[in-house]
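Participant: Same order as they appear, the protein sequences are chains A and B.
Residues 20 to 210, numbered by this note's numbering, are exactly what the first sequence covers, in order.
Residues 7 to 200, numbered by this note's numbering, are exactly what the second sequence covers, in order.
Hints were generated in silico from the structure; no laboratory data involved.
Positions of the beta carbon are idealized from the N, C-alpha and C atoms, including for glycine.
Where chain A lies over chain B, by a calculated footprint (3+ residues, C-beta under 8 Å):
#1 27-37
#2 156-170
Simulated pairs of lysine-lysine, DSS-like, Cα-Cα distance not exceeding 30 Å:
#3 B:148 with A:207
#4 A:26 with A:86
#5 A:74 with B:57
Listed here are the chains, written in short residue letters.
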Amino acid sequence: MTQAVSKRSQKTRERILDTASRLFYQQGIRAVGVDMIVEEAGIAKMTLYNHFRSKDELVAAYMEGQKEYWLNWTRQAATGNTPTEKILALFDNVELLLKSPDFRGCPFLNGCAEFPDTTHPVREIMVSYSGEIHRFFQELARDTGCENYESLGSTLLYLIEGALVFGNLMGQTSPIVNAREIASELLKPYT
Amino acid sequence: MNRRALKTRETILDTASRLFLQFGINSVGVDTIVAQAGIAKMTLYNHFKSKDELVTEFLEREHMKIISGMEQCLAGTRNLPPANQLLAVFENFEAQIRRPEFRGCAFINSTAELSESDHPGHEVIQRHVATVHRHFLELAVKAGSPQPEILAQSLMFLIHGATASRCMTNNPNVGQMARETARLIIQENLGCRI
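Required output: the full structure, derived from the provided sequences and hints.
Facilitator: Next up, the structure:
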């Protein structure tokens with residue numbers, strides 16, 4: 020394959036994945052068929068199958084992409100000079116996220132809902148993502164100097180994830196604001 | 007509705023509920039439900055106008071099931087102080103999410119799957135969440151919390167965050183951590199040990 024062709028092929032792959040990712044997140048993975056993806060991406064069905072052998076492979080690539088995106092997002096959203104500031108900044112950024120008209124909940128939790136069978140290979144990506152997020156929160160908690168940082172890290176993660184889920188169920192952003200207040204109270208001894 | 011019709015309706019709902027919980031709402035079509043329930047498609051539509059109505063009824067039943075479980079737990083612990091009753095709810099929750107066949111919360115899962123914001127199921131979901139919240143708030147008030155709303159909300163976040171974590175990590179021990187965190191939150195809010 021010449022370089023020009025391989026570059027073009029790479030671009031096509033990206034276009035398919037971008038289109039599929041947008042549709043999967045907005046409408047749900049199960050609700051979006053391969054036909055809808057090829058139509059939206061403006062490509063032939065065969066082209067899609069040249070890049071992804073099956074819809075499952077496309078779904079796995081989507082979840083891997085989400086994992087990379089949200090891990091980066093989380094690291095970048097934790098801005099501030101102190102560990103406490105960083106943690107609270109995460110709550111502020113999640114609030115902005117919830118206010119976005121495109122927000123349709125946590126993509127990993129949504130993926131679990133659509134693939135309830137825990138032995139499905141895609142579920143490994145959710146496990147790996149939540150493991151990394153958990154570690155990130157425990158590191159932040161440890162940096163505060165809290166002795167029982169493992170427990171603090173888990174509590175903060177439950178708070179932020181719970182407020183996100185609760186807010187999404189109720190269609191409200193006030194839960195994340197309240198969760199921030201609770202987190203700020205929990206972090207007071209280490210500020 | 008006569009008895010036989012009522013029984014048919016129940017059979018359809020039982021079958022649909024089992025399938026929705028096991029495979030997700032969007033993965034299960036009306037054809038699968040009628041085949042598994044051993045009824046004609048027309049019979050299903052005599053009882054439920056559409057799949058949306060079936061999904062809404064499924065959520066309504068899940069709502070009643072979970073709330074009656076919670077109320078039973080509270081009735082069984084009515085001689086305990088309210089703070090311990092709050093903790094008992096988390097013990098009950100722990101037992102529920104520890105089950106190996108746990109496939110996530112029907113309400114969280116449906117929110118993920120019902121992408122149309124005008125689906126009638128959303129009303130049931132919000133009513134369910136509000137009912138759990140009200141129970142927490144009543145207990146927080148009874149326990150003499152100086153900030154009952156904060157306590158109730160903290161516990162709501164905890165229970166949702168732990169459910170999310172249970173789904174994503176597939177770790178059955180999440181409930182245990184959630185229960186211990188609940189204990190700390192309750193103690194902190196009430197300024198007492200339980």
